[in-house]
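S.K.: Now for the letters of each chain:
2 protein chains.
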Amino acid sequence: MKNANAKINAILIADTHETFVTRRIPEVRLEFGGMKGDRHFGMTYPSDSRQPMYPKGTEILNRRQITIVSEEECQQIADELRVEYILPEWLGANILLNGYPELTKLPMGSRILFPNGTGLICMGENQPCIFPGEEIQKHYETKPKLAANFVRSGYKRRGIVCAVERPGEIFEGDEVRILINDLKNPMQ
Amino acid sequence: MKNANAKINAILIADTHETFVTRRIPEVRLEFGGMKGDRHFGMTYPSDSRQPMYPKGTEILNRRQITIVSEEECQQIADELRVEYILPEWLGANILLNGYPELTKLPMGSRILFPNGTGLICMGENQPCIFPGEEIQKHYETKPKLAANFVRSGYKRRGIVCAVERPGEIFEGDEVRILINDLKNPMQ
Numbered sequence: 001m002k003n004a005n006a007k008i009n010a011i012l013i014a015d016t017h018e019t020f021v022t023r024r025i026p027e028v029r030l031e032f033g034g035m036k037g038d039r040h041f042g043m044t045y046p047s048d049s050r051q052p053m054y055p056k057g058t059e060i061l062n063r064r065q066i067t068i069v070s071e072e073e074c075q076q077i078a079d080e081l082r083v084e085y086i087l088p089e090w091l092g093a094n095i096l097l098n099g100y101p102e103l104t105k106l107p108m109g110s111r112i113l114f115p116n117g118t119g120l121i122c123m124g125e126n127q128p129c130i131f132p133g134e135e136i137q138k139h140y141e142t143k144p145k146l147a148a149n150f151v152r153s154g155y156k157r158r159g160i161v162c163a164v165e166r167p168g169e170i171f172e173g174d175e176v177r178i179l180i181n182d183l184k185n186p187m188q
Numbered sequence: 001m002k003n004a005n006a007k008i009n010a011i012l013i014a015d016t017h018e019t020f021v022t023r024r025i026p027e028v029r030l031e032f033g034g035m036k037g038d039r040h041f042g043m044t045y046p047s048d049s050r051q052p053m054y055p056k057g058t059e060i061l062n063r064r065q066i067t068i069v070s071e072e073e074c075q076q077i078a079d080e081l082r083v084e085y086i087l088p089e090w091l092g093a094n095i096l097l098n099g100y101p102e103l104t105k106l107p108m109g110s111r112i113l114f115p116n117g118t119g120l121i122c123m124g125e126n127q128p129c130i131f132p133g134e135e136i137q138k139h140y141e142t143k144p145k146l147a148a149n150f151v152r153s154g155y156k157r158r159g160i161v162c163a164v165e166r167p168g169e170i171f172e173g174d175e176v177r178i179l180i181n182d183l184k185n186p187m188q
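Protein chains in written order, with the UniProt record's numbering: chain A, 1 to 188; chain B, 1 to 188.
It should be emphasised that the hints constitute simulated quantities derived from the structure, not laboratory data.
Do not rely on the hints blindly, as some may be mistaken.
One copy or any two copies: either way a pair holds, since identical chains are not told apart in the list.
As the list claims (entries may be wrong) - Listed below are the simulated DMTMM-like cross-link pairs for lysine to aspartate or glutamate, each with C-alpha atoms no more than 20 Å apart in a straight line: (1) 36 / 15; (2) 105 / 80; (3) 36 / 172.
Remember, it's a predicted structure, so these values are computed and weren't measured experimentally.
Start from the sequences and build out the full structure, keeping to the hints where you can.
M.R.: The following block contains the structure:
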């Protein structure tokens, strides 16, 4: 099994009813279910258009508790859209990672371990949707069609969703260890 | 995304303290966390030697709620061990599936959907350990070294572990639909 290291450059939470846009906080306790107060917190949540195998609104297991993006992939999206930068806030991300550029390719079942033992488990790549594109558009008003173009530019760069495997405090600046799951001989 | 169909040929539960060996029941309600009363029931459970990234006994997210084996793979193990059959009971399996022979290869994130909408999500392959081998040995006393040989013969045939994604009743004889996750373009 391969390992890697990366750094937590921002922790963010979506804790207002009005928007999915996140705001930076210096630290937070991860519980089973995610970040308390965040709009994606919960061991279960109502299914949406991402889970067409269930009627919309069905209570299902929440594997999308924490979303993580990589700084490098955000910059790739920005470069392709010809804007200066894309902030993790606009994507509704909870964690901004630096030092593991191809985060979106991290296989399901991989672990992200924090210095104090707190652990996340990767539940797969996130798929771009239109809402973050609309948010990006607001910040670059003179650039046409950013919202639509984001879906294409964000493809395979949109980061991952995780579940909390082991609760604990996490801090901006934490150095994390990534255990990369080998799907041919997977971790348990 | 590819689909497949299969049949639930047995439902089994490990509901005594003494053993991991399961016994057949005609139906059961799957809750978030698994089968109530089963030794693997729970949204969380204490980590063991399978999760060396955490100190043994740490409370972690339970992705091993329901174990499923395929009848075909059990027969392959039996053939290789030169015994008549291997029962799912001896492996501590909760569900015996027929009609999807290469169950162990089912990718993480795949869904198993029951006729009434109950849903399981595949959390990856199970890895053979020594205990089921010792159980098999008990039933074929005259065959030497079955316990040790099971680990090798069970490799990549030991079935999968699942979490309950959507609760509901399941019944012996249910025909299930399997949504096979394409890891290049994964389901959400």
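S.K.: Would you mind marking each hint as holding or not holding in the structure?
M.R.: Status of the hints after comparison with the structure:
1. 36 / 15: within (9 Å within a copy, 34 Å between copies)
2. 105 / 80: within (19 Å within a copy, 37 Å between copies)
3. 36 / 172: within (17 Å within a copy, 39 Å between copies)
Of the numbered hints stated above, none is contradicted by the structure.
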